[in-house]
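Below, each chain spelled out in residue letters.
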Amino acid sequence: MKTRARLPRLVACGATLALALSLTACGDGNGGASADDGKIHVLVYGDATNKVEKRIVDTFNKTSDVKVVLDTIPGADYQQKLQTIISTPQAPDIFFNWGGGSIKPFVKADLLLPLDDFIKKNPDLENKFLPSVFNNAVVDGKPYGIPMRGTQPVLLFHNKKVLQEAGVTPPKTWDELVDAVGRLKDKGVTPIALGGGDIWPTQMWFQYLFDRVAGPDLLKKALAGDKSAWESPESKKALNMIRELVDAGAFGKNYDSVKYTNGGSVALLASDKAGFELMGSWYYSQQLTDHKEFAEKDLGYSAFPTVEGGKGDPKNVAGNTNNYYSVMKKTKHPEAVAEFLKLMYSDEFVKAQLDIGNLPTTTNTDEFIDSAVSPEYSRFQYDLVADAPSFQLSWDQAYPQKASSDLHKAVQQFFNGQLDTDGFIQAMQALPTE
Amino acid sequence: MTTETTSARPAAGPRKGPGRRPPASSATKVGRPGFAWALPAAVFFALFAIVPLIMVAVLSFMSWDGISPPEFVGTDNWSRLMDDPVMLKSIWLTLLLTVLGVVLQTPLSIVLGVWAAGYQRNRAVLSVIYFIPLLLSATAVSVLWRALLDPNFGIPADATWLFGDGNLFGEQATAIGVLAFVSTWQFTPFHTLIYQGAARAVPPVLYQAAEIDGAGRYRQFFHITLPQLRNSMITSMILMIVGGLTTFETVLILTQGGPGTDTTISAYYMYDKAFKGYDFGVGSAIALALVVAATIISLIVVRVSGYDKMRSTMEGVS
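Just so you know, the protein sequences line up as chains U and H, in that order. According to the working numbering, the residues represented by the first sequence are 1 to 434, in order. According to the working numbering, the residues represented by the second sequence are 1 to 318, in order.
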């Protein structure tokens with residue numbers, strides 16, 4: 001009898017496990033930022049770069065009457081936490097974001113302060129930043145973010161030794177890349193290492209090829225709601241090129257079981273088992289950490305190859321443009337906030353970022369680049385980004401956050417053949433754009 | 001034969017022998033435990049289970065992205081779910097994984113549990129080793145196996161005769177296989193523990209009698225041990241089923257529901273909708289459906305197995 005009464009409870013308890021997850025959604029939103037204590041609260045993604053942010057805040061507080069408080073949330077939880085507190089009184093005054101789609105829903109909900117007034121009073125807030133980076137936090141024609149960390153363009157990395165043995169030079173054009181794939185395959189190595197298990201590395205191939213073939217306008221159109229962009233001949237051409245590359249065995253067969261985040265694809269390149277890997281600029285320091293000898297001796301890098309007859313400028317880059325500070329409309333201290341944002345192009349800021357290996361995107365970065373951790377590598381990246389007419393933000397960040405899961409699924413399914421061209425186009429057209 | 005009477009015994013009526021319930025007689029002195037005794041537990045249960053459950057139920061009829069205020073949308077979320085092929089697929093996948101879990105873990109843990117019930121010292125030592133996976137969090141276990149199964153540097157690279165190109169996470173069948181295997185690896189020790197305890201509770205006199213009657217080891221296992229483990233089996237199966245229906249971290253870390261949606265089980269789909277898609281309405285609807293399904297399935301198991309009658313299977317003791 002006793003047991004009988006206990007069982008449904010046991011079951012209910014088990015079921016509650018599932019709900020415990022839903023519970024966090026209704027969390028109290030006590031993110032450390034309080035409603036109004038006469039201070040400016042700055043909410044930042046918690047990681048190693050926080051020491052620079054702390055330093056800048058200290059500098060600001062030395063001279064300002066209105067003090068700034070830095071609140072951090074551990075990286076993995078940042079986005080969800082932000083989403084739950086942003087429309088509550090606990091919301092910060094200034095917050096870290098990725099620009100593009102990550103702030104679009106907040107702009108729609110009328111929560112953010114357009115920065116054009118700040119810029120009118122102090123044009124340096126726009127002029128001191130590289131335009132291709134600054135533009136990624138412009139929503140509906142108005143600027144909403146000030147770049148506040150380093151840029152991370154995606155580069156094509158290679159293993160010098162493997163390439164040399166196969167008689168391959170770093171490819172400048174797509175045809176050269178396809179040719180290199182064939183030669184590397186003949187040598188018995190995986191031509192291109194890919195951490196398909198994480199999916200976003202797969203997406204990097206899409207965003208670069210679409211930019212090269214169709215130019216940056218295709219995604220802009222699609223994001224503005226014109227979904228016919230995905231049916232365009234350029235879109236189909238880019239998809240065909242991906243299909244051909246995959247079918248040629250460029251990524252081997254088991255890329256979906258390999259991960260970048262657990263070091264799988266990193267080790268593949270470092271152990272001479274693969275020729276190339278397409279990855280963000282952070283890859284260099286990752287290789288230095290994981291495989292120091294290889295990184296110093298045999299790790300090479302180049303820009304993404306050009307595509308003949310493509311509409312996109314061959315100088316365009318793709319990747320994570322930068323992170324941004326956006327300002328909440330409800331802030332009580334707009335003047336002090338404007339003063340604080342000025343520090344994001346100060347010499348002190350640039351030096352501090354370069355010291356920890358980040359590459360800021362201010363116009364004065366150029367002067368200090370020789371003091372960077374690896375000047376040659378920083379110089380290559382800086383010139384690449386500074387010369388780029390357009391910097392394509394990673395698709396999963398250009399789209400609103402809520403689209404990212406379905407976007408990743410489509411990318412993975414097209415790559416492994418579960419979706420054909422039409423299926424992929426339909427999946428992309430079904431993504432929410434606001 | 002003793003063994004036959006054991007298994008053929010239809011219903012050992014409830015025992016009401018005198019002296020069976022001394023606690024009850026002493027309790028009459030202090031008064032029966034009333035509602036007040038249950039209050040703390042009840043309050044916590046209401047606060048952390050009932051209230052959220054009701055909130056989830058309400059939310060499943062709303063549209064909410066976490067930013068703007070929630071709006072009532074009637075049964076929109078539910079009808080969208082009904083038409084959603086991924087939802088249907090996720091239910092099948094959940095059931096498949098649950099069944100695989102029960103089918104794989106039950107025989108394994110019975111055999112291990114009965115073996116571990118012996119009092120030999122080497123068995124005690126080995127049992128402790130078998131127990132280790134249970135002490136690790138599901139997250140750690142999943143991260144561990146994802147790395148161990150790396151096609152280029154993990155086990156598949158050294159056993160190509162078994163794994164081929166090692167694309168375990170790239171195809172549905174193998175991805176499901178990995179999920180079932182990892183859950184089995186982690187949870188078998190727990191069920192082994194249940195069976196170990198139950199097997200030790202089997203009165204030795206039954207085996208002695210069987211031996212006199214000339215029953216061999218296998219006969220003893222199938223005709224004494226197994227029938228005696230019946231109630232434990234049901235307990236363990238219910239735990240497996242509820243655990244299977246709410247599996248989540250393993251999928252989140254090992255496959256992220258992929259390739260595509262090929263391992264997107266319902267609990268993961270709920271997370272995907274609510275926390276990645278910011279569609280908390282649909283997420284809540286899936287959560288509620290899961291709660292209802294888990295409750296119904298467990299009740300069915302309880303009814304069908306006759307567990308609620310709680311017959312004793314003991315024989316020869318009083």
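None of these hints come from the bench; they were simulated from the model. C-beta: ideal position from N, C-alpha, C; glycine also. There could be a bad hint or two in this list.
What the hints assert, rightly or not - Label pairs and their calculated CB-CB ranges:
id	chain 1	residue 1	chain 2	residue 2	range
1	H	ALA42	U	ASP140	47 to 55 Å
2	U	GLN164	H	SER68	54 to 62 Å
3	U	ASP116	H	LEU148	13 to 21 Å
4	H	LEU148	U	ASP117	32 to 40 Å
5	H	MET55	U	SER346	46 to 54 Å
6	H	SER68	U	ASP347	35 to 43 Å
7	H	GLY74	U	ALA109	19 to 27 Å
8	U	LYS332	H	LEU148	40 to 48 Å
9	H	SER79	U	ASP140	53 to 61 Å
10	H	MET55	U	SER302	37 to 45 Å
11	U	ILE356	H	VAL58	44 to 52 Å
Said to hold, decoys possible - Simulated crosslink set (DSSO-like; lysine-lysine; CA at most 30 Å straight-line):
id	chain 1	residue 1	chain 2	residue 2
12	H	LYS276	U	LYS142
13	H	LYS276	U	LYS236
14	H	LYS89	U	LYS120
15	U	LYS81	H	LYS276
16	U	LYS108	H	LYS89
17	H	LYS276	U	LYS330
18	U	LYS227	H	LYS89
19	U	LYS108	H	LYS276
Against the structure, the hints:
As the Cβ distance of ALA42/H to ASP140/U is approximately 53 Å, the hint placing it in 47 to 55 Å holds. Checked against the hint of 54 to 62 Å, the pair GLN164/U and SER68/H passes, with Cβ atoms roughly 57 Å apart. Remark: the range hint 13 to 21 Å for ASP116/U to LEU148/H is contradicted by a beta-carbon distance near 54 Å. Evaluation of the 32 to 40 Å hint for LEU148/H and ASP117/U yields a failure: the beta carbon distance comes to about 56 Å.
Roughly 47 Å separates the CB atoms of MET55/H and SER346/U, a value that falls within the hinted 46 to 54 Å. Checking the proposed 35 to 43 Å range against SER68/H and ASP347/U shows it holds: the Cβ atoms sit about 42 Å from each other. At about 23 Å, the CB distance of GLY74/H to ALA109/U agrees with the hint of 19 to 27 Å. Distance hint check: the CB atoms of LYS332/U and LEU148/H are about 54 Å apart, inconsistent with the given range 40 to 48 Å.
A hinted range of 53 to 61 Å for the beta carbons of SER79/H and ASP140/U is inconsistent with their spacing of about 33 Å. Distance hint for MET55/H and SER302/U: a CB-CB separation of about 54 Å, inconsistent with the stated range 37 to 45 Å. A C-beta distance of roughly 47 Å is found between ILE356/U and VAL58/H, which places it inside the suggested range of 44 to 52 Å. Simply put, LYS276/H and LYS142/U have alpha-carbon atoms about 27 Å apart, close enough for the 30 Å limit, and the pair holds.
Distance restraint check for LYS276/H and LYS236/U: the Cα-Cα separation of roughly 28 Å lies within the 30 Å cut-off, and the hinted pair is therefore satisfied. Pair hint LYS89/H plus LYS120/U does not hold up; C-alpha atoms about 55 Å apart against a cutoff of 30 Å. For the suggested pair LYS81/U and LYS276/H, the alpha carbons sit about 12 Å apart, so the restraint of at most 30 Å is met. Annotation: proposed proximity of LYS108/U to LYS89/H is violated, straight-line Cα distance about 34 Å (limit 30 Å).
With a C-alpha separation of about 27 Å, the suggested pair LYS276/H and LYS330/U falls inside the 30 Å cut-off, and the hint holds. Between LYS227/U and LYS89/H the alpha-carbon distance is near 27 Å, which keeps this suggested pair within the 30 Å criterion. Our distance criterion of 30 Å between C-alpha atoms is met by LYS108/U and LYS276/H, whose separation comes to about 19 Å.
This entry does not satisfy hints 3, 4, 8, 9, 10, 14 and 16, going by the numbered hints stated previously.
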